[in-house]
Each structure stands twice: as structure tokens, then as C-alpha cells.
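Trainee: Chains as they are written, first to last, in the numbering used here: chain E, 1 to 86; chain A, 1001 to 1507.
Just so you know, not all the hints are guaranteed correct.
What the hints assert, rightly or not - Cut-off 20 Å, straight-line C-alpha distance, at most; resulting in silico cross-link-like pairs (SDA-like, lysine to any residue):
no., chain 1, residue 1, chain 2, residue 2
1, A, 1391, A, 1420
2, A, 1224, E, 72
3, A, 1153, E, 74
In case anyone wonders, no lab produced these hints; they're calculated from the structure.
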Amino acid sequence: MDVDKLFKSDIHRKIIAFFHENQASIDTPRGVATWIGEERSRVISALEDLVKSKILVAHRATSTTGYSYTRDNKIISKVTKLLKKS
Amino acid sequence: MEEIKNYIYQKELFDRLKKSISLKREEECIGCLIKPAAWWILEKPNPKVSDMEKLIDASCPYRKKNEKRKRRSCIKIVFAAVRKSATDKKLTKYTCAQGLHGFVYPIVQGEKTYGYIGTCYTKKEVSPQILNIFSAFTDTIVREIQKELELSKLYETLRPRAIALSTVHTVHRLISSTLDLNELLPRIARLSLQIMRANRCSIKLIDSKRKLLLPKVTIDLRKKKIRLKKVRVGKWAPGKAVKYGRTIRGDNYIATPLIDEDVIGVITLYDKVDKKEFTAFDQEIMSTLAEQAVIAIKNAQLYKEQEKLTMGSIKSLAAVLDRRIPSSRIIPRASFSKISIATGQKMRMDSDSLRSLEYASILHDAGEIVVPDEVLAKPAKLTGKEYELVKAHPSAGVEIIKHMKALKSVTPIILYHHENYDGSGYPRGLKGDQIPLGARIMAVVGAFEAMITQRPYRSVKSVYAALEEVRQNAGTQFDPKVVGAFLKVMKRRDIRSVLEKELYGRR
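For reference, chain E alone in the conformation it holds in the complex (with noise of 0.2 Å):
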């Protein structure tokens, strides 16, 4: 999946937002799900999409998952422009 289909995705949308306005956030499934107000188990299946297509990168631990933004500058710039438009 690119980029630009998974901003056709409110959750994506939503989480893409969530981690490019702070970038330095690692946070687990309940984490992101209470930042942006969606039902965990729908954040916990977007959020293995956008690792899939590299947005994410997920730090995986015996207890927990932390999820952080991509440190690619392409993804990044991209995801700036389709934040503008959107």
C-alpha cells in the first residue's frame, strides 16, 4: 500500500497526522488510540499497515509494541504535502 491510499483512510489519516506533527513519539496501540480517539483494535490493525509501507517502524517487545514515524525524508516530505492538501 502507498501513501496515498492510505490517506483515502480516515484511521490512517488520522494516525499519519498524529505521528508527523510529533515525530518523536513512540507509543503503543492504547497510546495512539486515545490520541486520536479511535477504538484500539481498528489503531492496532492500521498501525501493522503503516509499518507495512514503512511510515511506522515498529519496536517489538515481549509485553508491548511501540510505534514511531519513519525517519525516510521522502516519506516525510510526501506526507507533508498530502497533510497540506488535505
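Got chain E; can you put chain A on it based on the hints?
Mentor: Same frame as chain E, but now just chain A:
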């Protein structure tokens, strides 16, 4: 700075006030009663006469008819009313040069006046009751807007802090989930890089003499090859952070000491991705992260110590048990452990299970202590009764280790390592996957060890012949998947060389 903040606050306050639907409704309601010619809002707390001129010219419907003299006196009257309302901090009435009426209402918060709302040119003098209603209504609207502003200001201040706090909490969970230092330190470095959006992170721990900082992890996202450098305590930013026990921050680096009871090391970050400086907020976040990192590092170090202690006890116990074994029999302990662990890794066992397998590889035959010497050393075939004694050794092994809590997970491996894949083994005749994976691995490696080392009841086999026999018994005595993994491991040069050194190096 305070002035800028005030200016922004004032601007936002008036922007909201101008857009306020409540204020528009109030103007309509009060307007019906007093029919003013104009409403005006003055955004300056200390207006000048020129501001009043602009205001009168913009709002006075009689300005064209006004003579110059009258206009000037009009401006003076309204200006005086504004000044009076600012001093009294309450509504002030006035009568202009045209003989018409108006009032000025100051927008006040605490001791501070932000601006004014007023009316002009009402034909009749406004009654005190209407003025009271206006004051109460306007006051409520202004307070509501001020509360909204305070809330949004609070939200803007608190939200990033709350997100940062949540990040720190997540990092704490991520780093406290491992007790393996080799896994922990790179994880701390990666998470620090992410939080600080920096390009390079280095973690150094202090040596036992407390003179040098030893590099443990350095990650540089811009380079593939990195040279790990030792740093003397007191030198450079990391050395200074350790020496003085406080964060050392420069434009492009931040060195945060890892402090437990004493300083144990330092995390240093270099070069932010956006090329900005490290800030006081970064320092605050890194200090919190370092506090958590210290706890995790200490726990991992303690765990490592505990592991060494357990391994020491196991080796001592094994050494005691080995004294019963004839000196001619060489036990390749090191290679036996290596083969077991490598086979376990091939079978995708987790780190805890691999550790249990390692312990079991040393102690799996501990129970032989209950088997009489003459039975163990008997060169001929065992009688039924003697075989029963030998079959009791796994249970006896469990009895020996059961008081060591650290070896609880080793128990099933020792108890079932003589079970056969087809169910023909002992002590319980378990079959296939009923046998724990560790025990299935131990069965293969244990049998291989028995074949290649001197036993009273059989001659020593070559490594090649022993491997062939293991292969032939896959699916009957041994789990075929385990045999596959074991045979792959035995092709490894490092494993073969350790084994050959142990077997033949001493001959």
C-alpha cells in the same frame, strides 16, 4: 517575551470577540432598546488620540456634517471616557459634542485592561438598568472567551508534554522487557535516537577502575562502519557528564549520565536530523529516559550475575558427578552445550528455553548418581533389574535439581530426555509432540554424545558413524525435525572444531 505573549493573547481575545455570536446577539438585543448609531471595539489597552480619531471617523455617521471644532471636541470626550473606564475598570457613560449619548465598557482581566467595547450616538440617555444588563451580558461573554483561550493554551502546553510522557512510558515498557544486555543496550540506543530525532547515539559504561568509559553500543544512521572509542573520564562530553554527574549539552550533542547510586555510564546523542540544537526539553526527556535505562541496565547486570551463579553451581554439581565417571571417558561438555543450543536455535526456541537447554545439557544425567557403580561400569548387557535402576535416573536427576528454583524449567528436559519419538522410551512412554521440545533435542544430542564417547557396554563410534546412526533413527527413536536441525548444526565448522578439540585434542 512577556509582552509578545500578552500581544498574542490580546489579539486572540479580540479575534474571538469579533466572531462571537453571543456578542452579536447582545448587540441586536441591546440595540433594539437603545438604538445606537454605532457599536465599536477598540483593541488597544492604552489608546492614543490618533486611535480615537480613526475610531470616530470610522463609526460616526455624523462625521461629514461635523464641523472640525465639534469633531475635535467629540474625540476628546470619547477619549476621556475611555481613559476613565480604564482607570475605574467599569462602564463609563458620555455625551458627545452632538449632544448624543454613548458608553465605553473596558475588557478587563484581573488588573489588566485589554481593550474596550462602546456605543455611539444614542439619542436618549441609556438607563442604568440597560447598562447593568449590558455589563453583565458582556462580562459573561468575555469571561467565556477568556476561559476558552486559557483552555486552548493549557491544551497546547499539556498535549506535547502528555505525548512525551506517554513516549517515556512506552520506552520504559520496551526496555524493561529484556534482561539480555546485548539486546538491551542497542534497544536503548535506537529508542533514544528516535525520541531525539538524532543521527548518532553512543552508550558507554564505566570500567571497574572507574577511569575509562567503555563503548558498548554506537549507532550512526549515516554510517555503516563505526569505530568504537574508549573515552577517559573527564574528557569530552561523555567523560565530563560522568565526572560531574550531570548532563552536558552543546549545540549538536547531549551527554546524559546513567546514575544509579553512582554513575555507571553515559548516553550521548549527536546531530539532530533537522540540524537544530538540543534544547532544555530534550535534556528533560533524556534525563527521564536515562533514569529508566539505568534500572533496566542494572536489572540486566544482576540477572547476568545470577545466571553466572547458577551456571557455576551447575558446573560444580556436574564436576562432583563426573568424579564417578572413569577417567578414560572424555565428556565433551563445551561442544555438547554448543550443539544443544545451536540445535535449539535451529528449532526457533526462545532465549529462556535455550538457557534451560544449556543447563540440561550439563545436568541431564545427574540422576546417574543413584545408579550403583557396578551397574554403570558393567561391560556386559544389563539384567532386567539393573536396567530398571538405570531407567530411574531421569526421575532421580529431577529430585536432585528440584530445590533449585532457577532450574525449574530444566526439569521436563531432564525427566523426558530418554523418551523416544515413537513412544518406546522411558519413564512414561510419551510419543511425538507429547515430549517437550527440549527433551527431544536432548535425546538426539545425548545419544550422539554416548556414541562418540567411551562407554563400558559399547565401543566408541566415529563422529561420522554416530551421525549416520542418528539419521537412521529419525522418526523412530528421534524427532525427524530435530534430527534435521541437528545434522545441519553438525555441518558447521565452528561446532566440528570445538568437538574435535575436546575429543581428540587431549589424546
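Trainee: Of the numbered hints stated earlier in the document, which are not met by this structure?
Mentor: Hint check: 3 fails alone, others pass.
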